[in-house]
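There are 2 protein chains.
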Amino acid sequence: MYAVILAGGVGTRLWPRSRQDAPKQFSDITGSGRTMIQATAARLDGLVSSRDTYVVTGRRYAGLCAEQLDCIPRDNILTEPSGRNTAPAIALACARLKRRDPTEVVAILPADHHIQDGVAFRAALRQAKRSADRGYLTVLGIEPTKAHTGYGYIRRAAEPLPLHGDLATYPVLQFLEKPDQATAEQFLADGHYFWNGGIFVGRVDRLLSEYGERMPELYADIDRISAALDTPGLDGLLAEIWPKMPDISFDYALMEGAQRVAVVPMQAGWNDLGSWDALEVVAAPDEAGNFPIEGELLTVNSSGNIVAADKQIVALVDVNDLIVVDAGDALLIGRKESIQQVKQVVAKLQSGQRADLL
Amino acid sequence: MYAVILAGGVGTRLWPRSRQDAPKQFSDITGSGRTMIQATAARLDGLVSSRDTYVVTGRRYAGLCAEQLDCIPRDNILTEPSGRNTAPAIALACARLKRRDPTEVVAILPADHHIQDGVAFRAALRQAKRSADRGYLTVLGIEPTKAHTGYGYIRRAAEPLPLHGDLATYPVLQFLEKPDQATAEQFLADGHYFWNGGIFVGRVDRLLSEYGERMPELYADIDRISAALDTPGLDGLLAEIWPKMPDISFDYALMEGAQRVAVVPMQAGWNDLGSWDALEVVAAPDEAGNFPIEGELLTVNSSGNIVAADKQIVALVDVNDLIVVDAGDALLIGRKESIQQVKQVVAKLQSGQRADLL
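In order, the protein sequences belong to chains A and B.
Heads up, the first sequence is in the numbering used here, so the first residue is 4 and it goes up one at a time.
Heads up, the second sequence is in the numbering used here, so the first residue is 4 and it goes up one at a time.
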């Protein structure tokens, strides 16, 4: 099995640890001792070898990828001239895999998601490979734990496919955009809906044929890129092609209209770490009910605080439900329930020409 | 006029900027660009020359004093073998001044108080010198701005003394310990009460005779120290005498029972910076109503916060009335109204053997 790690994103909601020069996938957001992309690669251990692991990222992050994933061959780091969406990024990976073994299965994985239970993840991925081997475009379906309105959903059929394996695999009936609250609650109660975590598994030739059918122009571009790989003409070709690439997601462009799409349920403590408050779910609380992600905490009458600070000690006195993130040059302190407003901080820094702090 | 700056204290309530190795008087707590002891010395400009300015401090702080007050002769830095109270500290200074001109006036000043209005302070000190020249033990009386229960009070007579000068000088009727709330409110309403800020002015020979009368043993020690000054025997003598010094304040031991004591009112924005919330009174708020003592602030829906952090930027999101103090190795975040509880943090560090952070 091949793996393609998508590492082109910029997670501004995790400012100040996620920065333009080093987005969240290159940071150790959870205090695990590994950056998120390192954890993503390590999670594949035993399933995908290093030489079969690819990364698609922005040109400015190629160095970070090579540094952080030093087991992966340098050639496996594929760089986009500029950030597009996932359909072009995955196409770039397909151009490369087309020249290896197109009958093989590839797993496509975001670099910046947190998965608590690696064993459960690998079991789901193994099952997805079985499904993909049988020709299904397969997606991992995150078992929803609440009526979240921030994710796309996947509706499965009632009956599973007749596949071997310990885990069920269901036909996908529908991909659904982010719902409103009432709809999300319906989905949760119904029990046939999953969150779409953007983890896709399919045979390379199956993906290529989907591109050929649904995005013929992009498919032609894949062919041209594939032919130019390892030649001096590649950069020029990408420079010509890339600006015209559609800003469209793989889900929307390929998955939503495809036939023979399957979903493998996964219950593995998945979290997209979309904002700082997610650490409350991902991290373990200390005795006082605080979350010391990094740095030692000393608290007086304080609980529910999430603290990531490169300090010998952070002392909290009579404060609750705060998020504290120290990034050396910048310090963020915010109320947990309002922390999405960090976007306003980023916007102010942008308008204030403080690119050095973005 | 001589000046004696008392710089032996350790202001634990201003942790983490006030540390055992560098108590608050050696820090720039208010973000003025000067440490507090430097501001105290600078405030005497035009009234007391550098060679007439003395410092009494702990032995471990002699180096800091010499570094921060580089205009003062090294010999003017008098060191105590261990921290006692103000009566022994001032006695040590008197031992030195006895050998200069005992008919001269000396002003005794804490090193760690903030005074906004230097002009008003110097006017009051000039008036106090007039009063002291006439033989009065004189104290500067801080005009109270609220019914504070954390300070000692001074009660003045209704009628001023017949002294020249722009400012009135009153006989002191009584020194009073920290009052309860109701009494403090009475004092404030009465109008004849001042806060005792610990700034004393008197002729050296007057101070000596007070010591002689009220603390004869200490007076004898002053004589022995005075004789041993500039001899190799001084250190041995101090090592013998100092451990037996009474832990007693100058106010209590000498001022309270003395005759011919006067007070000069001062309205100069005095603040003892006893804890971090005092910065709200001392500092100027920005447009959003926050107090950026150090480091640039960027706020979203936040006000009333006091922030001192050596950061390029501190971003606050939906938080109010917090105190944020970054000291490099330690970060304090506390609710303003509870910030006195920082004492509990210090106590926990002490009991946890974290002397490096104290």
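Note that these hints are calculated values from the structure, not bench results.
Bear in mind the structure is a predicted one, so any value in this text is a computation, not a measurement.
Certain hints may be false.
All copies of an identical chain are treated as equivalent in the list; a pair is satisfied when it fits inside any one copy or across any two copies.
[Claimed, not checked] In silico DMTMM-like links for lysine to aspartate or glutamate, alpha-carbon gap of 25 Å or less:
(1) K346 with D324
(2) K346 with E299
(3) K346 with E146
(4) K346 with E220
(5) K339 with E259
(6) K339 with E299
We went through each hint and held it up to the structure:
| no. | hint | in the structure |
| --- | --- | --- |
| 1 | K346 with D324 | both (19 Å within a copy, 22 Å between copies) |
| 2 | K346 with E299 | between (28 Å within a copy, 18 Å between copies) |
| 3 | K346 with E146 | neither (28 Å within a copy, 47 Å between copies) |
| 4 | K346 with E220 | neither (35 Å within a copy, 69 Å between copies) |
| 5 | K339 with E259 | neither (35 Å within a copy, 53 Å between copies) |
| 6 | K339 with E299 | both (20 Å within a copy, 22 Å between copies) |
When the structure is compared with the earlier hints, violations turn up for hints 3, 4, 5 and for no others.
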